[in-house]
Amino acid sequence: SSGINAEWPLRPGYLDIAHDKKPLGRMIFELFKSLAPATVENFVSFLTSRLEHKTFKDSVLHRVIKNGWVQGGDFITSSGAQSVAFNGDTFPDESFAVDHSRRGTIGMANDGPHTNGSQFYITFTPAQWMNKKYVAFGYIIEGESTPNPM
Numbered sequence: 001s002s003g004i005n006a007e008w009p010l011r012p013g014y015l016d017i018a019h020d021k022k023p024l025g026r027m028i029f030e031l032f033k034s035l036a037p038a039t040v041e042n043f044v045s046f047l048t049s050r051l052e053h054k055t056f057k058d059s060v061l062h063r064v065i066k067n068g069w070v071q072g073g074d075f076i077t078s079s080g081a082q083s084v085a086f087n088g089d090t091f092p093d094e095s096f097a098v099d100h101s102r103r104g105t106i107g108m109a110n111d112g113p114h115t116n117g118s119q120f121y122i123t124f125t126p127a128q129w130m131n132k133k134y135v136a137f138g139y140i141i142e143g144e145s146t147p148n149p150m
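Here our numbering is used: the first residue of the sequence shown is 1, the next is one more, and so on.
Don't take every hint at face value.
Mimicking DSS-like on lysine-lysine, the simulated pairs with C-alpha atoms at most 30 Å apart in a straight line are [claimed, not checked]: (1) LYS57 - LYS21; (2) LYS66 - LYS132; (3) LYS57 - LYS33; (4) LYS54 - LYS21; (5) LYS54 - LYS33; (6) LYS66 - LYS133; (7) LYS22 - LYS66; (8) LYS21 - LYS132; (9) LYS21 - LYS66; (10) LYS57 - LYS22; (11) LYS22 - LYS132; (12) LYS54 - LYS66.
Calculated from the structure, these hints are not laboratory results.
Could you build all of it, start to finish, from the sequences and the hints given here?
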């Protein structure tokens, strides 16, 4: 499951992670709405299931890079081939203010500049090479070891 606590934006959001229907844990994250408002709004719309048939709930993490990152958000094909923004096809890179200097950075996976949609990643290690290439918009604040069994 996924969601935002009712007091949004005062409370963090979360993703419940499972593998083969076995729960692995909950990742709670802080999203930086003041630094990337459109990016956060896009992510939250899929997180909270506000859009019919466009939700992270029961979607898969389709890409796992050992010692790198996990990627999800393709709720259309579950393969990483599709990514759509909440209000259309894709949207532009908004801000590079959040860096990738720590484990648990959440950012937008893209297919080049200004091609953000529904796909996101969570880093396992610092990934400063991603700075200025991918829009990061939050950090895991609890449950960052959850993806380790993957």
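Status of the hints after comparison with the structure:
1. LYS57 - LYS21: Satisfied, since the Cα-Cα distance of roughly 13 Å is no more than 30 Å.
2. LYS66 - LYS132: holds (22 Å)
3. LYS57 - LYS33: The given pair, whose Cα atoms are some 21 Å apart, holds under the 30 Å limit.
4. LYS54 - LYS21: Distance of about 21 Å is within 30 Å: holds.
5. LYS54 - LYS33: Roughly 21 Å between the alpha carbons, so the hint for LYS54 and LYS33 holds.
6. LYS66 - LYS133: Holds, at roughly 20 Å.
7. LYS22 - LYS66: holds (20 Å)
8. LYS21 - LYS132: violated (36 Å)
9. LYS21 - LYS66: holds (21 Å)
10. LYS57 - LYS22: Cα-Cα ~15 Å, so holds.
11. LYS22 - LYS132: violated (36 Å)
12. LYS54 - LYS66: With a Cα-Cα distance of about 28 Å, the restraint between LYS54 and LYS66 holds, given a limit of 30 Å.
Violation of the numbered hints given earlier is confined to hints 8 and 11; the remaining hints are satisfied by the structure.
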